[in-house]
Amino acid sequence: MSNTGLRPYRSGDLTRLREICVLTGAAGSDATGRWSTDDLLPDLFLEPYVTASPEWAWVVDEGDGPVGYLVAVPSTRRFIRWWREKWTPWFADRYPDPTEPFSAEEELVNRGRHPEILELPELDEYPAHFHIDLLPGTQGRGYGRALIENMLIPALAGAGVPGVHLTMDPANKPARAFYEAVGFVELPSSTPQGPALGRWIPPRR
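Numbering (the working numbering), first residue to last: 1297 to 1501.
Check the hints yourself; a few may be wrong.
Unchecked claim - Cross-link-like lysine to aspartate or glutamate pairs, in silico, EDC-like; alpha carbons within 20 Å at most:
#1 Lys1382 x Glu1396
#2 Lys1469 x Asp1326
#3 Lys1382 x Glu1351
#4 Lys1382 x Glu1343
#5 Lys1382 x Asp1326
#6 Lys1382 x Glu1412
As the list claims (entries may be wrong) - Just the calculated beta-carbon pair ranges, DEER-fashion:
#7 Ser1399 x Ala1323: 15 to 23 Å
#8 Gly1454 x Val1478: 15 to 23 Å
#9 Glu1482 x Asp1389: 31 to 39 Å
#10 Pro1484 x Ser1332: 15 to 23 Å
#11 Asp1389 x Ala1477: 16 to 24 Å
#12 Asp1393 x Gln1489: 22 to 30 Å
#13 Gly1438 x Asp1465: 17 to 25 Å
#14 Pro1450 x Thr1384: 30 to 38 Å
#15 Pro1385 x Ser1332: 26 to 34 Å
#16 Glu1418 x Thr1347: 32 to 40 Å
Hint data in this document are derived by calculation from the structure and do not stem from the laboratory. Fair warning: this is a prediction, and the values are worked out from it, not measured in the lab. For every residue, glycine included, the Cβ atom is placed at its ideal position computed from N, Cα and C.
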């Protein structure tokens, strides 16, 4: 797998990556107009990551700007603390506190206001987590595998991180098949409504 077309994230990428987050935000399809504001998904699944840990973000760029990305944090617990201290106040100013029973959008808003939702029972074994999004025309060309195998996993191994996990939309069956093909397995805490997959990372010798 080549690194051609892959590079580290740069701050000037943010606007385009926010667009990509929305264009892939409905189980890999376009989520434009799905929520009351198109800012919601990138405010949850993109910008906090590149704000807290920009060095853990990589971009697919074939020369005309980003067409995909991977964002990660090496320690979910540290990220939760950062989110609570730094991101929740910013987020809460923009999104009113929902009351139960939650609509689908309110579930997302609640997640943004309560980052402890990110804490899985398996964090000791799989402390890192990530999000990856590729525009449809970029999928199936090896970029997703290269982002994980050539960028994410070596960086985590070099940092001594023992494992990485992800949670995903159960409707995105092609993504589930892809993750399993690159070595992710279902975690004990996984549910049909909230699949959770993890991959062990061998230590560097």
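How the hints compare with the structure:
1. This hinted pair does not check out: Lys1382 and Glu1396 have alpha carbons roughly 25 Å apart, beyond 20 Å.
2. Restraint check: the Cα-Cα separation between Lys1469 and Asp1326 comes to about 16 Å, which is no more than 20 Å; the hinted pair holds.
3. For the hint linking Lys1382 to Glu1351, the alpha-carbon distance of about 18 Å falls within 20 Å, and the restraint holds.
4. Between Lys1382 and Glu1343 the alpha-carbon distance is near 12 Å, which keeps this suggested pair within the 20 Å criterion.
5. A threshold of 20 Å between alpha carbons decides the hint, and for Lys1382 with Asp1326 the separation of about 29 Å lies outside it, so the pair is violated.
6. Pair hint Lys1382 plus Glu1412 holds up; C-alpha atoms about 14 Å apart against a cutoff of 20 Å.
7. In this structure the supplied range 15 to 23 Å holds for Ser1399 paired with Ala1323, their Cβ-Cβ distance being about 18 Å.
8. Evaluation of the 15 to 23 Å hint for Gly1454 and Val1478 yields a pass: the beta carbon distance comes to about 19 Å.
9. A beta carbon spacing of about 37 Å between Glu1482 and Asp1389 agrees with the range 31 to 39 Å that was offered as a hint.
10. At about 35 Å, the beta-carbon gap between Pro1484 and Ser1332 misses the expected band of 15 to 23 Å.
11. Taking the beta carbon of each, Asp1389 and Ala1477 are about 41 Å apart, not inside 16 to 24 Å as hinted.
12. A hinted range of 22 to 30 Å for the beta carbons of Asp1393 and Gln1489 is consistent with their spacing of about 23 Å.
13. For Gly1438 and Asp1465, the hinted distance range of 17 to 25 Å is satisfied, since their beta carbons lie about 23 Å from each other.
14. Taking the beta carbon of each, Pro1450 and Thr1384 are about 32 Å apart, inside 30 to 38 Å as hinted.
15. The beta-carbon spacing between Pro1385 and Ser1332, approximately 21 Å, falls outside the hinted interval of 26 to 34 Å.
16. Remark: the range hint 32 to 40 Å for Glu1418 to Thr1347 is contradicted by a beta-carbon distance near 25 Å.
Hint compliance for this structure: hints 1, 5, 10, 11, 15, 16 are broken, all remaining hints hold.
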